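Input sequences plus hints: build the corresponding full structure.
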Amino acid sequence: MTLSASSLAKIFEVIKAHRNIRSIRIHTKAISYNPQLIIDERKLELLSAADVRLVFHLTHPYEVCDDVKEAIAKIRKAGIRCYNQFPILRQINDHHVVLIRHLEQLDQLGIRNLSIFIPDPINFSAPFRINLARLIGIIERINWFSPSWINSTRFVMDTMVGKVRREDMAEYDLNAGVATFKRDGKSVAYPDFPAELDVPGNLEIMLWRDNVSLI
Numbered sequence: 007m008t009l010s011a012s013s014l015a016k017i018f019e020v021i022k023a024h025r026n027i028r029s030i031r032i033h034t035k036a037i038s039y040n041p042q043l044i045i046d047e048r049k050l051e052l053l054s055a056a057d058v059r060l061v062f063h064l065t066h067p068y069e070v071c072d073d074v075k076e077a078i079a080k081i082r083k084a085g086i087r088c089y090n091q092f093p094i095l096r097q098i099n100d101h102h103v104v105l106i107r108h109l110e111q112l113d114q115l116g117i118r119n120l121s122i123f124i125p126d127p128i129n130f131s132a133p134f135r136i137n138l139a140r141l142i143g144i145i146e147r148i149n150w151f152s153p154s155w156i157n158s159t160r161f162v163m164d165t166m167v168g169k170v171r172r173e174d175m176a177e178y179d180l181n182a183g184v185a186t187f188k189r190d191g192k193s194v195a196y197p198d199f200p201a202e203l204d205v206p207g208n209l210e211i212m213l214w215r216d217n218v219s220l221i
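Heads up, the sequence shown stops at 221 in this note's numbering, and the numbers go up one at a time, no gaps.
Worth double-checking, as some hints may not be accurate.
Unchecked claim - Computed Cβ-Cβ distance ranges for the label pairs, DEER-style:
hint : residue 1 : residue 2 : range
1    : E19       : Q42       : 22 to 30 Å
2    : E19       : R118      : 21 to 29 Å
3    : P127      : W155      : 37 to 45 Å
4    : K35       : S131      : 14 to 22 Å
5    : S54       : S131      : 35 to 43 Å
6    : A23       : T186      : 41 to 49 Å
7    : M175      : Y39       : 33 to 41 Å
8    : H24       : P127      : 14 to 22 Å
9    : D164      : S29       : 43 to 51 Å
10   : D179      : P153      : 29 to 37 Å
11   : T186      : K80       : 18 to 26 Å
12   : A195      : N26       : 30 to 38 Å
13   : V184      : N208      : 24 to 32 Å
14   : M166      : S54       : 36 to 44 Å
Keep in mind the hints are simulated off the structure, nothing from the lab. Just so we're clear, the structure is a prediction, and the values are computed from it rather than from any experiment. Ideal placement from N, C-alpha and C gives every residue a C-beta, glycine not left out.
Spelled out as structure tokens, the structure:
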């Protein structure tokens with residue numbers, strides 16, 4: 007979305023020339039750091055004409071300030087379908103109250119949240135990862151304490167066999183710290199994050215602007 011309208015027009019022209027491409031999806035973080043990049047009148051016309059699905063990466067409810075809300079309203083008024091996906095990050099949004107607050111706000115803005123991603127077990131991701139047992143607890147609380155249009159969002163992780171969900175977990179060896187996921191007849195071992203290193207975020211800090219209560 008940092009490209010000029012003329013550049014986007016050329017890209018859309020090439021993409022739409024391929025008959026086997028059924029839809030165009032653009033992912034962007036620009037909505038949170040520079041919403042003016044998106045709500046350029048010419049860009050909105052192009053996005054609408056190309057029937058683009060616009061996917062934001064809003065991670066925390068405090069990212070959605072008044073400027074962002076106004077931009078989203080203009081985008082939706084232009085007839086552009088809006089979605090969102092984001093990661094669950096330790097000590098940033100790793101509490102069901104924060105996640106429910108975020109998902110409810112997105113819903114009120116007319117944005118459908120597609121997925122909440124679990125950080126991959128790769129180099130340098132340790133500061134953000136959480137233990138699978140705690141993750142399952144967060145998922146259950148979201149299911150218990152939010153309406154269906156909120157808790158229908160997917161918790162997923164990327165693996166060598168494709169995206170998998172909690173429902174795809176075939177085994178979970180707490181002692182070995184390894185979970186096994188299966189998809190399409192294929193298995194993948196997922197090294198869990200050590201529970202002793204998983205220090206949850208402080209809800210009063212993560213939602214410091216609000217008076218929050220634990221559910």
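Here is how each hint holds up against the structure:
1. Against the hinted window of 22 to 30 Å, the Cβ-Cβ separation of E19 and Q42 comes to about 25 Å, which satisfies the hint.
2. Taken as a hint, the range 21 to 29 Å holds for the pair E19 and R118, whose Cβ atoms sit roughly 28 Å apart.
3. In this structure the supplied range 37 to 45 Å is violated for P127 paired with W155, their Cβ-Cβ distance being about 31 Å.
4. Hint check: K35 to S131, Cβ distance near 18 Å, so the stated range 14 to 22 Å holds.
5. For the hinted restraint 35 to 43 Å between S54 and S131, the CB-CB distance of approximately 37 Å keeps it satisfied.
6. The hint said 41 to 49 Å for the Cβ distance between A23 and T186, and at roughly 44 Å that hint holds.
7. The hint said 33 to 41 Å for the Cβ distance between M175 and Y39, and at roughly 35 Å that hint holds.
8. The supplied range of 14 to 22 Å is broken by H24 and P127, whose beta-carbon atoms lie about 36 Å from each other.
9. For D164 paired with S29, a C-beta distance near 21 Å fails the hint of 43 to 51 Å.
10. Checking the proposed 29 to 37 Å range against D179 and P153 shows it holds: the Cβ atoms sit about 35 Å from each other.
11. The given range of 18 to 26 Å is broken by T186 and K80, whose C-beta atoms sit roughly 46 Å from each other.
12. Between A195 and N26 the Cβ separation comes to about 35 Å, which falls inside the hinted range of 30 to 38 Å.
13. Between V184 and N208 the CB atoms are about 29 Å apart, so this pair conforms to the stated range of 24 to 32 Å.
14. The hinted range of 36 to 44 Å is satisfied by M166 and S54, whose Cβ atoms lie roughly 38 Å apart.
Violated hints, listed in ascending order, are 3, 8, 9, 11; each of the other numbered hints is respected by the structure.
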